[in-house]
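6 protein chains.
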Amino acid sequence: MKMIEYADASAEVRAVYDDIMTSRRIDWINNFWKVLANDAKTLRRTWESLKEVMAPGALDPLTKEMLYLAVSASNGCGYCIASHTAAARKAGMSDAMFGELMAVVGMANETNRLVQGWQVEIDDRFKPKR
Amino acid sequence: MKMIEYADASAEVRAVYDDIMTSRRIDWINNFWKVLANDAKTLRRTWESLKEVMAPGALDPLTKEMLYLAVSASNGCGYCIASHTAAARKAGMSDAMFGELMAVVGMANETNRLVQGWQVEIDDRFKPKR
Amino acid sequence: MKMIEYADASAEVRAVYDDIMTSRRIDWINNFWKVLANDAKTLRRTWESLKEVMAPGALDPLTKEMLYLAVSASNGCGYCIASHTAAARKAGMSDAMFGELMAVVGMANETNRLVQGWQVEIDDRFKPKR
Amino acid sequence: MKMIEYADASAEVRAVYDDIMTSRRIDWINNFWKVLANDAKTLRRTWESLKEVMAPGALDPLTKEMLYLAVSASNGCGYCIASHTAAARKAGMSDAMFGELMAVVGMANETNRLVQGWQVEIDDRFKPKR
Amino acid sequence: MKMIEYADASAEVRAVYDDIMTSRRIDWINNFWKVLANDAKTLRRTWESLKEVMAPGALDPLTKEMLYLAVSASNGCGYCIASHTAAARKAGMSDAMFGELMAVVGMANETNRLVQGWQVEIDDRFKPKR
Amino acid sequence: MKMIEYADASAEVRAVYDDIMTSRRIDWINNFWKVLANDAKTLRRTWESLKEVMAPGALDPLTKEMLYLAVSASNGCGYCIASHTAAARKAGMSDAMFGELMAVVGMANETNRLVQGWQVEIDDRFKPKR
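Residue numbers (my numbering), protein chains in the order written: chain V, 124 to 253; chain D, 124 to 253; chain Z, 124 to 253; chain A, 124 to 253; chain B, 124 to 253; chain E, 124 to 253.
Just so you know, the hints here were simulated from the structure itself, not pulled from any lab data.
Don't take every hint at face value.
The list cannot tell twin chains apart, which means a pair is met if one copy fits it or any two copies do.
What the hints assert, rightly or not - EDC-like, lysine to aspartate or glutamate: derived pairs with alpha carbons at most 16 Å apart:
1. K125 to D246
2. K174 to D142
3. K164 to D218
4. K252 to D218
From just these sequences and the hints, can you work out the full model?
Here it is as structure tokens:
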């Protein structure tokens, strides 16, 4: 599980690294990709999926980064929290926005457990119509 | 753990119900609050916190509802997903926005586990400066 | 994954069923055990572990049932919440105790996520001494 | 995300810090609050909620701290485990009580997954009556 | 969030449906894909990733299905447990194998929480060499 | 919560340590057991359960270790991931097998959340027959 540096990477891995750096307009590769590079297939698939999922669409890139961070905080993944906090800040998240994001994440986790512990049934109005 | 209807509620519970209906401009109370009303103190505290957390601020109400939904989907809380999908739609979430939100949630859960399973260390650049 | 009724159970499974009914002073077996009985080895091991863990010791049975319920609510396991709410009530949990238990569970889930999202480092005073 | 020391804190933050120290009869502030102080509103709301939730009521403070610890262990939140282990010990948790608490937490996590994986249906007797 | 039947599907969605049925040698589409079809892009990306990930490689299809089921049971995802139990059985999982799989899942969840609650540090021998 | 070394251990703890070393053909004890030894009863019960669960049966030891690792990665338990990666490698897991295992874990976590967020209902064909 060593980290694969650009100089030591196969052509297949280098192609992904190049695309990451070009797409993100950066000149370095973060540890996540260097570790995933031990499994070139997962590296390529994960990067291509991530690029497609995080591209601007009906939601803007900042909103997507904040959603990513919300999930990562809820899962307690230290690396993911650190890297997506950096990404969200780069995309424009202010201190105040981060504070409110975390307040929502905290509150959602609290009420999720209240709902489950109190065994609340879904209101008919909230059920999906099929 | 029965549901407390308005007609059967104490003055303290009614005051919260009234505030929920006024703040949300609705004329009904959903099951979550009717069940929490068995513990009037938690009902009041939870509603007051939620009202404060979900109020417009640095983030708009739609973004907050989508963050709430992202956490609920990540926690697998059925009631929370159903009620906050409804709330997010009311706040303006389109089908396309929901689709992208879920794509980000799915992707974040995938990479969170890859990061943890591969034991990726945090890059120095991502560490908080203290 | 059918449920194994007493009448259809092997001698090994019946021995566990008998011990469950004797230990709990009840005359019926709940679905969890009837389903686990498809794997007699896991049925026996789980029951023996549970009996040992839930026996009175430094903590009384009611406290143990409430801890069990707190974990189950935090994990969102519907069956576990329902069955351990019943068990905790039988052990003496009042409505007020349940309300406070859930308030703590909700609050702990909220602050757990705030801690992780804000990347709070452990205070030296809280670190275990080894 | 720097830590806000008392000397550098706003009047609003200092008021919360003072209340924490008075309520807990301590003369220092742990990292959680110093980090949350970057978002004064969440600091205040979280402290006030926590103070209300953890106050003695139908459950005594030690039981509440143990429930908090059970949830934190179940969520795998390192900081929360460390700080609430300290708090529970201060409230009177012995080594034997901690050992039994953890045994219950472990067991509950095991049976929660057995229940879900085996798809156990809720017994009618365990369903809430509404 | 209605389900998209083959007859009502767009050409893009039909192409994915056809590939699912051909690859799996079945003549029907399960609900997961019919619901995802509301977001054709996620449908296609998810199916292509899944097909690549679940293809025989260093691990055989049965092992992969059992790993999928282990994660789903650990996450408490009802639909995922039901569908991947069916898939694993089709790939050759016997009753005895399922029983042992669940026993491992239960045990892993128990010890995971013991490890975290007792704050066990990683042994030097277990640390990845980098 | 100090670690109990062999030299300082009670006869009861030593008996478990001896059995661990004999069963695993190793001459050292890892931190998990040294910490659990603070609660001799949990040490013994956990070791006996683990030994029974991980013994070869319908599933071989390598498959069991990989299932254990899949759950640990999904729970984000650092120690468990590190120790069970080592154990799985010892049991024969190659780099390629680890890569595919993690790809399945990642994918399962992604689709688990898509299923829950999209509120997919269980197909009749997947429901257990009872």
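**Study point:** Contradicted hints - numbers only
**Key:** none
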